[in-house]
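So the protein sequences, as listed, match chains A and B.
Quick note: the first sequence uses our numbering, first residue 1014, plus one each step.
Quick note: the second sequence uses our numbering, first residue 17, plus one each step.
By construction, these hints were calculated from the structure, which means they are not laboratory data.
Please note that the accuracy of each hint is not assured.
Claimed, not checked - Computed from the model, here is a short list of chain A residues facing chain B with C-beta under 7 Å: (1) 1017; (2) 1018; (3) 1026; (4) 1058; (5) 1061; (6) 1084; (7) 1092; (8) 1103.
Stated by the list, open to error - List time: in silico BS3-like cross-link candidates among lysine-lysine, alpha-carbon distance up to 30 Å: (9) A:1036 / A:1102; (10) B:39 / A:1104; (11) B:457 / A:1036; (12) B:69 / A:1102; (13) B:39 / B:126; (14) B:252 / B:432; (15) B:432 / A:1104; (16) A:1103 / B:432; (17) A:1103 / B:468; (18) B:252 / B:457; (19) B:276 / B:39; (20) B:276 / B:252; (21) B:126 / A:1102; (22) B:276 / B:126; (23) B:457 / A:1102; (24) A:1036 / A:1104; (25) B:69 / B:252; (26) B:468 / B:457; (27) B:432 / B:468; (28) B:39 / A:1103; (29) B:69 / A:1036; (30) B:468 / A:1104; (31) B:276 / B:457; (32) A:1103 / A:1036.
In this text, all values refer to a predicted model and were calculated from it rather than measured experimentally.
All residues carry an ideal CB built from backbone N, CA and C; glycine is no exception.
One-letter residues, chain by chain:
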Amino acid sequence: MEAIYLLFILVLAILLGFELIRKVPATLHTPLMSGSNAISGITLVGALVSAGSTDSWVTVLLGTLAVAFAAVNVVGGYLVTDRMLGMFKKKKGDK
Amino acid sequence: MNFSLLINASYIVASILFILGLKMLSSPVTARRGNMLSALGMLIAVVVTLLDKNILTYRYIIIGLASGSLIGVAAARLVAMTGMPQMVALFNGFGGIASLLVAWSIFASKGIHSSFTLVTLFLSVMIGGLTFTGSMVAYGKLSGRIPGRPLAFPGQSAFAVMLLAALLASGVFIVIPSMIPVNFSSEHAVVLAVVLTALLGILLVLPIGGADMPVVISLLNSYSGLAACMAGFAVKNNVLIVSGALVGASGIILTNIMCKAMNRSLLNVLFGGFGSTKKGAGSEKSKGGEVNPISAEDAFMILEAARSVVIVPGYGMAVARAQHVVKELADLLEANGTEVSFAIHPVAGRMPGHMNVLLAEAEVPYEQLREMDEINPLMETMDAALVIGANDVVNPAAHEQEGSPIYGMPVINADKARTVFVLKRSMNPGFAGIENPLFYKENTRMLFGDAKESIQTLVGEFREL
């Protein structure tokens, strides 16, 4: 039953994703990509639990590596997206 | 129990912030705030997870977080805008391997998992691994460390199919432990799966040409989301599922846009090997005819009298680092009373929207950037079109010559403008090696030489006014 419930969430999220992304103009597709990339770093949340466990050393090692990779993804992704979006400017009124 | 409620409630908040963030990306005005909201959502999700009662030690978490964040900050600060595609490829890969590692670490932990969890753990390893090595190859091709041409050896696809079969077999061993042969354990099966999926990722991207990388990184973007999604199923975490699905959907949409803009199906991109196949019969016919060269001084006379000018930039402009001087020319033209717009083809540049970022960096206001479908109906009213470093995306063969390899691809109809200036180093054909009849049209003037120098000459002429 739990599997069905999780799949239900998945399907709704995908449909919502399609609706949202369709409205993103072509001019913002590169920031969309790097920004959504940062969101996919959400795996970090899963990685934290593994890295913080006192299970086998293999679990902790793999979890710590996962935390590091996901952190690069999250921190780098959001920062570089912000840097890019900061460059998109409107026309200046007077020159 | 209370903590678990708090954690789940804040995951809902995080999901809402991600969704709002993506929604605000629908306009350049709100996009930056949207990105910050999304980052805030991530921060909340991470901080609250640290309260989880299953987290018993923080030492390794801190090591991982600190090293990863440092690298992330440095990369985000240092990357040049021309290098953005390879950086996104790299980050996609990191997202993929993080999901793989999470799944692997859960396999390695004690405890008994349901079959459903085992299936999702396996899928997380598989998609995450594919995404990682595939992205590394894409990174290599985009940054020029690996040759951009399609690389393949005889029997490669058969080998890839065998790899996939072996990978799925290892998946069966993982999910149904009773089927594992003697002298082989579930741990072995997991390691085998990791190795096989890594190999498969490399094999899938190597045969794809450099020109098709925009499609590939869009697809890998989608995979990195799906991998996070699968990891979410494995750890039964809704926020992973929701955000993974959002990213997956985003990547699929971008992949679809890129494929349409190149008039090719996804299967054709992944397994076709553009350029390595036969040339269309019609590509020969267009050869011959006269080209009309023009000097920068004469081009200036026409531009000076033009009331509307459309600039069609391609990746060649970025390579020549000409975007800043192009922006200067656009300003001078506007000061001279000319209406200036930029026509952006969806596959101009090396990833979706790349050209827009490069022009934004040169401080071209985004209102001046027009999409192909918006500018094409207006092309006939344009006094002059300035094609800078673009070739295939303005090739009229796409709707004139049925035999041409790019026949049917949507292009910017630069040839419809009253006068077309093509800035080009020589008569060599472009990236895809396809002859371009635009160069031989009556209304086309070829401005040979380095694009940056030619535009600098034009700028100089305008300054003397």
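Review point. Taking 30 Å as the top limit, are the C-alpha atoms of residue 457 of chain B and residue 1036 of chain A close enough?
Key: Status violated; Cα separation ~38 Å.
Review point. Should the hint that residue 1058 of chain A touches chain B count as held when the rule is a Cβ pair under 7 Å?
Key: holds, 5 Å
Exercise for review: Take the C-alpha atoms of residue 69 of chain B and residue 252 of chain B, compute the straight-line distance between them, and say whether it is at most 30 Å.
Suggested key: Holds, at about 16 Å.
Point to revise | Pair hint outcome, residue 69 of chain B versus residue 1036 of chain A [Cα-Cα no greater than 30 Å] | key: The hint is violated at about 40 Å.
Review point. Does the structure keep residue 468 of chain B and residue 457 of chain B at a Cα separation of 30 Å or less?
Key: holds, 24 Å
Point to revise | Agreement of hint residue 1017 of chain A with chain B interface, Cβ distance less than 7 Å | key: Check failed: Cβ of residue 1017 of chain A comes no nearer than 10 Å to chain B, outside 7 Å.
Point to revise | Residue hint residue 1092 of chain A, partner chain B, criterion CB-CB below 7 Å | key: OK, holds: residue 1092 of chain A within 7 Å of chain B, min 4 Å.
Point to revise | Hinted pair residue 69 of chain B and residue 1102 of chain A, Cα distance within 30 Å | key: The hint is violated at about 46 Å.
Review point. Hint check: is the beta carbon of residue 1061 of chain A less than 7 Å from a beta carbon of chain B?
Key: holds, 5 Å
Review point. CA of residue 252 of chain B to CA of residue 432 of chain B, is that 30 Å or under?
Key: violated, 57 Å
**Study point:** Satisfaction of hint between residue 1102 of chain A and residue 457 of chain B, Cα-Cα up to 30 Å
**Key:** Given pair residue 457 of chain B, residue 1102 of chain A is violated - Cα atoms ~37 Å apart, limit 30 Å.
**Study point:** 30 Å limit on alpha-carbon distance, applied to hinted pair residue 468 of chain B and residue 1104 of chain A
**Key:** holds, 24 Å
Hints 1, 2, 11, 12, 13, 14, 18, 20, 21, 22, 23 and 29 from the earlier list are contradicted by this structure; the remaining hints agree with it.
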